[in-house]
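Peer 1: If you read the protein sequences in the order shown, they are chains A and B.
With the numbering used here applied, the first sequence closes on residue 123, and no number is skipped along the way.
With the numbering used here applied, the second sequence closes on residue 1064, and no number is skipped along the way.
Simulated from the structure, these hints should not be mistaken for lab results.
Hints should not be assumed to be uniformly reliable.
For lysine to aspartate or glutamate, the following EDC-like pairs were computed, each having C-alpha atoms within a straight-line distance of at most 20 angstroms [said to hold, decoys possible]:
| # | chain 1 | residue 1 | chain 2 | residue 2 |
| --- | --- | --- | --- | --- |
| 1 | A | Lys27 | A | Glu71 |
| 2 | A | Lys54 | B | Glu1052 |
| 3 | A | Lys54 | A | Asp90 |
| 4 | A | Lys27 | A | Asp59 |
| 5 | A | Lys63 | B | Glu1052 |
| 6 | A | Lys54 | B | Asp1048 |
| 7 | A | Lys27 | A | Glu69 |
| 8 | A | Lys54 | A | Glu69 |
| 9 | A | Lys54 | A | Glu71 |
Spelled out, the chains give:
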Amino acid sequence: AQSVAQPEDQVNVAEGNPLTVKCTYSVSGNPYLFWYVQYPNRGLQFLLKYITGDNLVKGSYGFEAEFNKSQTSFHLKKPSALVSDSALYFCAVRDRLGTSGSARQLTFGSGTQLTVLP
Amino acid sequence: DAGVTQSPTHLIKTRGQQVTLRCSPKSGHDTVSWYQQALGQGPQFIFQYYEEEERQRGNFPDRFSGHQFPNYSSELNVNALLLGDSALYLCASSLLDRPTEAFFGQGTRLTVV
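When you get a sec, could you build the whole thing from the sequences and use the hints?
Peer 2: The structure is reproduced here in structure tokens:
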């Protein structure tokens, strides 16, 4: 079974400061890891993904995430937060077991509400 | 190129009724997955369709059923609606052999009263 934990329901940060949204995961094999953002009454927008290679992944809107296999973490980061970054952020995992079994589904965390204060 | 489109965007149903939600995948995609996102929670996997067959199912009762058509579009049906079925229902499309490139629709907000 695969699972994702986002330990913080809410993260507040001042505009211009760096932000971090935490995510840890559990899979039986090697993971594909994802971050999505959701604005009110909207679907999920893809931010970035880790497939293989460099542990630091860069994505949309200046976001990046660092894959840490030993800590089974994939924290989302941004050097300088904007008020417009305020949204709900979801970490997700998919097992790297081809196209069978649990690899068919994304498993999401419970989400972290990011609020960037002006 | 249109992305993933879902219809309707909102609907209200009465407990015990049946509902059908629709999804058109991104052009060229052959696989459709459905997720339920209850208020304050992350999306939860319902099932996935490929080649008009259900390929995998999450932990949902058989009141939840689906269908995929030859043009790859899909429907999600929920029978005997319960108040707890109120949620945002998300459709995601992808290619079966490229599972890391999934695109989500805007969702259908279902309210059961």
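Peer 1: When you check the alpha-carbon spacing of Lys54 of chain A and Glu1052 of chain B, does it fall within 20 angstroms?
Peer 2: 9 angstroms, holds
Peer 1: For the pair supplied as a hint, Lys54 of chain A and Asp1048 of chain B, confirm whether the alpha-carbon distance does not exceed 20 angstroms.
Peer 2: 17 angstroms, holds
Peer 1: Can the restraint linking Lys54 of chain A and Asp90 of chain A be considered satisfied, given a maximum Cα separation of 20 angstroms?
Peer 2: 18 angstroms, holds
Peer 1: Given the hinted pair Lys27 of chain A and Asp59 of chain A, is their Cα-Cα distance within 20 angstroms?
Peer 2: 19 angstroms, holds
Peer 1: Is the straight-line distance between the alpha-carbon of Lys63 of chain A and that of Glu1052 of chain B 20 angstroms or less?
Peer 2: 16 angstroms, holds
Peer 1: Mind checking the alpha carbons of Lys27 of chain A and Glu69 of chain A for me, to see if they're no more than 20 angstroms apart?
Peer 2: Holds, at about 12 angstroms.
Peer 1: Under the criterion that the straight-line Cα-Cα distance not exceed 20 angstroms, is the pair Lys54 of chain A, Glu69 of chain A satisfied?
Peer 2: Within the cut-off at roughly 9 angstroms; holds.
Peer 1: Could you grab the alpha-carbon distance between Lys27 of chain A and Glu71 of chain A and see if it respects the 20 angstroms cut-off?
Peer 2: With a Cα-Cα distance of about 10 angstroms, the restraint between Lys27 of chain A and Glu71 of chain A holds, given a limit of 20 angstroms.
Peer 1: Please verify whether Lys54 of chain A and Glu71 of chain A have alpha carbons no more than 20 angstroms apart.
Peer 2: The hint holds at about 10 angstroms.
In summary, this structure violates none of the numbered hints.
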